[in-house]
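Based on the hints, put chain B in the right spot on chain A.
There are 2 protein chains.
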Amino acid sequence: MDTTAETTSDSFTSYCGATVRRAIDLIGGKWTMLILWELLDREHRYAELQRRVAGISQKVLSSELKSLVSAGLVEREVTPTVPPQVTYRITAEGRSLDDVFAAIDRWGHRHR
Amino acid sequence: MDTTAETTSDSFTSYCGATVRRAIDLIGGKWTMLILWELLDREHRYAELQRRVAGISQKVLSSELKSLVSAGLVEREVTPTVPPQVTYRITAEGRSLDDVFAAIDRWGHRHR
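Going line by line, the protein sequences match chains A and B. Residue numbering for the first sequence follows full-length UniProt numbering, starting at 1 and increasing by one per position. Residue numbering for the second sequence follows full-length UniProt numbering, starting at 1 and increasing by one per position.
So here's chain A without its partners, still in its complex pose (with noise of 0.2 angstroms):
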């Protein structure tokens, strides 16, 4: 291997592997980012982010939708009705994931 190009390479993990790291450990999984792109798109009431986002269990998604706030890229919003409303959107922090998944959709379709 080229040591020229082995030195350039650690130097790039140090400078952007823990980011690149703790940023998957936060939105990589799969259904997280499937649930952070129906956000992306509009607010869901639970009920309905459950059927667009199909095969999800309802325990992985109250689980999922629970770290999503906690990490602040969504937020939970209940109308005091009966039964209760509960809708889920994203939030101005999550919003900036738009150019993540942009590239995801790029890298889509240049791969099929």
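I should point out that these hints are in silico values taken from the structure, not numbers from a laboratory.
Coverage of chain B stretches by chain A, computed from C-beta distances (three or more under 8 angstroms per stretch; other residues unrestricted):
hint: 1; region: 17-28
hint: 2; region: 33-43
hint: 3; region: 92-99
As a list, the in silico DSS-like pairs of lysine-lysine whose alpha-carbon atoms are at most 25 angstroms apart:
hint: 4; chain 1: B; residue 1: K66; chain 2: B; residue 2: K30
hint: 5; chain 1: B; residue 1: K30; chain 2: A; residue 2: K30
hint: 6; chain 1: A; residue 1: K59; chain 2: B; residue 2: K30
hint: 7; chain 1: B; residue 1: K30; chain 2: A; residue 2: K66
hint: 8; chain 1: A; residue 1: K30; chain 2: B; residue 2: K66
hint: 9; chain 1: A; residue 1: K59; chain 2: A; residue 2: K30
hint: 10; chain 1: B; residue 1: K30; chain 2: B; residue 2: K59
hint: 11; chain 1: A; residue 1: K30; chain 2: B; residue 2: K59
hint: 12; chain 1: A; residue 1: K30; chain 2: A; residue 2: K66
Note that the Cβ used here is the ideal one computed from N, Cα and C, for glycine as well.
Showing chain B alone in chain A's frame:
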């Protein structure tokens, strides 16, 4: 619900939703992303990869690598030493994920 918004939202989803969902299915898992991230840096032998992707089990690493090779994102090279040495490296197709990880890195730096 506003019908116009719903239509726009549905067009948006049908326009890029399927592509993004397929891409997330392929590359969205936490372990998948962490492995790709390491291989975007440089090629690795199996044991190095297991050490670098902290916490991954041998079973999951093997299965993830198999999927990535079968998707054409990673290639596997066996050097016929004793014992044989197995090296994994990103393909050109996998290398095109650079943009996705760059977007994650930028997002990670903003979201602290």
